[in-house]
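Dock chain B against chain A, hints included.
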Amino acid sequence: MYIAILILLGLSGFYLSLLTVMTLVYRPKREKPGLSNVFLKQSDYPWVSILKPVKGVDDGLEANLESFYHLDYPVYEILFAVDSWQDREVEIIRRVVDRHPKIYTRILATGHHPTENPKIHKLSFLENESRGRLLWVTDANVRVEPDTLRRLVAEYKTSEAKFIFSPILGAGSNTFASLMENTSLNFFTSGNVITLWKIFSKPVVVGKSMLIDRAALKTLGGFKYFKDYLAEDYLIGKSFMESGFRVSTDYTWVTNINQRVTIKSFYKRMARWARLRYQLHRPAYLSEILLNPIFLALASLPLLGASFWWLIPLAAGFKILLEYLNFVVINAQDRGRWQNHLLFPLMVVTRDLILLAVYLTPFFSSTVDWRGGRIKVGKNSLICHKPSFEPLSYEEA
Amino acid sequence: MKKPDLAHIIAVHMGLGHLRAAYPLRNFSSKSIIIWGSRNYAAPGEKKYWRLIRKTYYFLSRVGSLPIFGRLALKVIMAIQRIPPYYPKKDLSRPNLAVRFLKILIKRARLCRTLPDYLASDNLPVINTFYATAISLESLKEKIPSHRENFLIICDADINRVWVPEDPGASSIKYLVPCTQVRNRLLTYGVRPENIFLTGFPLPVENVGTETGLEVLKIDLLARLLRLDPSGKFFAYHRYSVCHWLGRKTIPEHRENHFTVMFAIGGAGAQTELARRILKSLGPLIRTGRVRLLLSCGVQRRVLEKTLKFINQQGLWEEIGRNIHLIFSDNVFEYFELFNRWLKQTDVLWTKPSELSFYCGLGLPIIMADPIGPQEELNKRWLMEIHAGLVPPGPPEYCQEWLLDLRENGRLAEAAWDGFLKARKLGTFKIKKLLETGEYSEEISPLKQ
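If you're matching them up, the sequences are chains A and B in order.
-6 is the number of the first residue of the first sequence in this note's numbering; add one for each residue after it.
2 is the number of the first residue of the second sequence in this note's numbering; add one for each residue after it.
Treat the hints as calculated values from the structure; they're not laboratory data.
Glycine included, C-beta positions come from ideal geometry on N, C-alpha and C.
Heads up, a few of these hints could be off.
[What the hints assert, rightly or not] Part of the chain B face toward chain A, derived, beta carbon under 10 Å:
| no. | residue |
| --- | --- |
| 1 | Trp318 |
| 2 | Ile321 |
| 3 | Leu436 |
[To be verified] Listing some non-contacts, in silico: residues in chain B with all C-beta distances to chain A over 12 Å:
| no. | residue |
| --- | --- |
| 4 | Arg40 |
| 5 | Lys307 |
| 6 | Phe311 |
Just chain A, same shape as in the assembly:
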């Protein structure tokens, strides 16, 4: 037993160290050798349609949208989709659009489909209205650097991939819970995005940024192909891979602004993602417990006896150290705020205890809260409707 627990803790420590190293090596804004040589002619750049489904007023929405109008890229258009013209975010979008009349922009009110993935519903409309050879899907809470698109397209050109995904940099922590959310994104999410791709060539796609070859997407029937699933981002990447299209990333990060997160909203979002991951790949989900050494150390005490109390501060200290390294190197925006440094150890321990509760939620419920509704999800995050909605749908064996 003693050896088994030590092995588990060792594995946990090893993988967490690996995540840290990977995120540090492939940190945001690092210089990429050879990037400047990839393109010589402006005419080499394909037309890009930036598709932005928007729901609600996200943190820093105006500045986020504004960043897409300062891209160092010659030919692109921006298409927004909202539920209704009465939505609060419409005014903000219009304000930004009015400041940039030279960049072709459209806003569509797509309504809300009761039985489809709401984001895919919007993206399908945007896909039909767009003209680009490449579609860049980004969420409304995403902020980018002027060279982000150029880097992504460079990767598209050099790798001949049909799908480019990105790690996520959570930033803008103004509250304790924001710091939890952002460190979780930077360490856990992006760490896995980079590590699993680099070592196992397995794409872990987060829908905050996806550059997609339009023609390749069309062979699957367009975004509609994913309308019945909630984890559309993961499944898009998986379907591309399984269809023989090359998928890639050049580790160009996009920033996800989280400024006013509350403990409750953090818990709800994490619980939703946990339930989706559980439905997508159960063995991988079960192994995620390794990412929580504080819990492993706590759980081992009854088995090992009180004399092993030192495992708890050791695990906690080790985890705090790794995450702090990640925080200091990666999150330039948040490291300038002294409160974040002060609260960091407490935040890591609190967050990991919350994440333990989150980890257990999929075992008790498969219903997720999303965009104002409660949706039951099945295998592969299939949206399970009330029977009256789907008399003709096919049920996969």
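Only chain B this time, still in chain A's reference frame:
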């Protein structure tokens, strides 16, 4: 004014065959088609049985291609679905193991027990495309009006005893059969002759036209024959026959250089690997536009993605939308709609001899992939008997060579023509007429059967 409903259509999702048989009848009921055992229909306890049956069916269908276990699985399928030899003719009315097992499922596991409740609001006839629902309905007679008619469409050219209840003489199930062999078989199983209607398999009306004119079918068929006979060998033999039956005065002299092959992968995806071999062989012809390939991927995302992978592996993905088209929808009825639409442009249908065998009545030559199960073996025999089906003369890796040869010497055109002449194509109309008026007649003329 809204037309009154003619019948309830009940299918099950066990591969695509039973659903395909139901699809052309979808307008008979304003409630469309009831897919029994799917998420919306059947009690929760019953759904798990259907799911288990479906999973087993798909599993056995798919593993058939594996070397050792596959052969074993095929043997299991063959044993379960075994159809005894027809000759010497004898009484086969004694129930077999499958009939007894079905009886246990109905009585003990209460399969379809809530089906009568779904039909309780009226007394319309019921058309089933799967035996279990028809036999269950009959066994639950106390729950349904005694004079409700219970029809069962047969989806193969020969069938196992399980399609008939334990006591066939006492059964009131009315069989809508696609060909003479099935009628003969039902008689040996003890079904009363007055309960057998040789209607033909229900084909999609959108591919046929009207009952009296067959306008769509005739136009598509002539265009197909012209594409399939570049050297004129077929028309040298059959010019007058074609003119007579298609109501033409002359045959156009112009011939096109390209033709279209549709490969149907099948509902369970059992033929996916064959798609790879076909793509590999036809790749050069596809690139030059000489062959257009339609890949019918059904309704499973796994099949579509695997097919796309093969296309990518052959470096053919830029041909998608040009000379390669993928037929897929995750909604089964949308898929049939797409499939039927593309069928109009299809010149050669490459499929295992499933229920699609009866589509030869639309004037489609069938290249037969390896059959799975005894009923498909007998579908294959039926296709060969009427000369509408061709066994591939070489391995799929060389289909580039033999497809062109078959086309060049007029064999594909001949198979298309024989299918049109000899297979029944008015099944949908005859079933409709039977429901509306109770009238039924058997015709010999190719234009009336």
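Structure-based check of each hint:
1. Trp318: With a minimum Cβ separation of about 7 Å from chain A (threshold 10 Å), the hint on Trp318 of chain B holds.
2. Ile321: Result: holds, 5 Å to nearest chain A Cβ.
3. Leu436: Where the cut-off is 10 Å and the nearest Cβ of chain A is about 22 Å from Leu436 of chain B, the hint is violated.
4. Arg40: 5 Å, violated
5. Lys307: Lys307 of chain B is in fact no farther than 12 Å from some Cβ atom of chain A, at 7 Å.
6. Phe311: 7 Å, violated
When the structure is compared with the earlier hints, violations turn up for hints 3, 4, 5 and 6 and for no others.
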